[in-house]
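A.B. asks: Sequence order for the protein chains is A and B. According to the numbering used here, the first sequence holds residues 1 to 371 in order. According to the numbering used here, the second sequence holds residues 372 to 736 in order.
If you are wondering where the hints come from, they were derived from the structure by calculation, not from laboratory data. Every residue gets a Cβ at the ideal spot worked out from N, C-alpha and C, and that includes glycine.
Pair by pair, the computed Cβ-Cβ distance ranges are:
hint: 1; chain 1: A; residue 1: 147; chain 2: B; residue 2: 571; range: 38 to 48 Å
hint: 2; chain 1: A; residue 1: 46; chain 2: B; residue 2: 504; range: 40 to 50 Å
hint: 3; chain 1: A; residue 1: 357; chain 2: B; residue 2: 571; range: 40 to 50 Å
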Amino acid sequence: MTEQQRGKLKIFMGYAAGVGKTYKMLEEAQELKGSGVDIVVGYFEPHGRQYTIAKSDGLETIPRKRIDYRGSAFEEMDTEAILVRRPQACAVDEFPHTNVPGSSRGKRWEDVQVLLDAGIDVLTTMNIQHLESLNDQVWNISGVRVRETVPDWVVQQADEVVMVDLTPRALLHRLQRGVVYERGKAEQALQKFFRESTLVALRELALRQAAHEVEHRISNGQTLVGSGTDVAAHPKKHHRILVLVTANPKTAMAIRRAKRMGDFLGAECFAVTVQPSGDLSGLPEEDREAIERHLNFARNLHIEARILEGEDVASAVVDFARRNQVTQIFVTRPRGWSSLTALARDPVQKIIGLAKDMQIVIVSDREPVAR
Amino acid sequence: MGSVTREIRRKTPEELLRECQAEETAAKKGHLKIFLGYASGVGKSFRMLDEARRRRERGQDVVVGAIQPQVPPESKALLNNLEVIPLKQVDNGTAIDLETLIRRHPVVCFIDGLAYNNPPGLRNPTRWQDVQELLNAGIKVIASINIQYVAELQKEVEAITGKHVSETVPVSFIKSADEIEIVDAPPEEPMDRPPEEQAEAQKREQRLSRLRELALVLAADVVDHQLNEYLECHGLKQQFGANERILVCITPRANMQEMMEMAQIIAQRFHGELTVAYVNQPNISSVDQAALDARLAIASAAGAHVEILEGDNPADILLDFARSRGITQLFVGHSQRAGISRLWGSPIEKLIRDSRGMDVRVFPQ
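Could you put together the complete structure from these sequences and hints?
C.D. replies: Structure representation (structure tokens):
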């Protein structure tokens, strides 16, 4: 008996609804079917788009699973039914989707992991807005805080990421012709993601990300192809990044920024918080919850997160950094740094003073413009 | 990989204003759309001709002005239903039939393959210049090109493919496009090959991946250029930060090596832009001046834009400059290894405090 081979993941990446991701995915599914691959549609969101619906003609679709939640019925992908059917490949729309509570897994990308683990190849779709590390930039560009995100490591695992491109002008035409959304919804969409400048900026972000994904796969060479295991690039000079976790709500942004830098530099990331007792038990509830949330957030992004014991935050952080050959420390911009007392309490100044052999990055909001 | 970015650097507001004005006066110039691919066979021609079909079906007056010497079967089917003005045969080669196209004056003209040299003796030495004439005549042109044929990328392309191409299109022409669309498809994976072919196939795939990356970055740079023009022409002071823009602030005594090293790595990995700025100080000693000149020379050699700024308050000057250029990361040296007390009230501290919207990276000195 041969060892179970993990399935291959291919992502059709776009920068907005309506660029043609689902169409492209189904087109490829049709091609695979034509060449004799046993492929099914695991989940497909037609959005009433006739050209896309036509592309699904003749493909076997696994019926969705009905889940009741708070008196309403929801439909989700039936991962278990797909496992029973056991096709060679499966097309799954809307990779970043959050499943309704009561589903076996919280996220559709987690369902996809199950399919891949079972050796099923998966074709899927997503927009650049949903990539975790770009969350702040997307907010800056569009004024929208995207809640449904996919951790970068999940996308990095993909064997192929294809950019589905369309010029913003053509996309806006589609929108006006009602190809993407029906009227009312189209107008709503035009208000947010679909301004021309927003689309152009998101598209630029998507193109750069696609270039990065290509480079990432080149530098990882053939080891990545089909292996689906965790990836670690080997840079010439070794960088290590430490991010300081506090209750400050901007910590999530610092973690994202540090992780993105780490991914691009091929650097390992750590997240630490410093507490006198070595745990979070003594903290006010609000702070404890915030710090726990940040530590879990870091772990979800595959960052090693720890609680350090120490009275003085700056010395504990710098000491840990030095012992672990950290080269860069990421911190949030101090709150209310204009006042001297706030400054005295904030460890950033002291970290800069103590970590004479490291780079300190003070992370800032890329502030969205008031609209 | 940074060279394209350098070509298409972010412009100063003055430059952009001039362009906006130029655009208004050159009112009736035709619209240019480019399909960019990274290799033959990714489907550029098909995508382009498919657009021709759709436009024709919508009733537009569409003409094909150039097709590739070898047409794949699925494209051939599309061509059957399109009006084609064949290439003109001249003594030692072919060229698009400029005169006929201008006389025919369609609404849209499709040119498959921009990068061809015309045979000697014609009005223009290259096809892209012919296309420029079509545009000047008010004809909308939709054209395709492979990344291999971009003039400014020849060094990179040769390093990847080992081949030299003599027929190229300048990046400025591609940049002038009103729309650019990338035709992306990952290189086919070598499956079920005999082991002796496996290695060669993988090398080929790597080469294609590198070309694909070049194409994606060029498209992103063109889009960045369009975005800035759009914002400036509409008087919007918005910074999107879709591209990383690094500003390294230096002084005559700055320990520049680590800063520049890091800045170059980040600029390269993020395909971003790198600027080095210095705020002029009065009464600088000749020793410091020499040191400064040496540092600026290093910066230029590294491909950074170098800016000398004037003003009394270095921190404010640098921040104003950074904002005007949409800087996302500010690099500063931690001057003189100041202790905690020295940092408070220092220019560095002011930079950190007032640099909203940018990350500040403090370097050891």
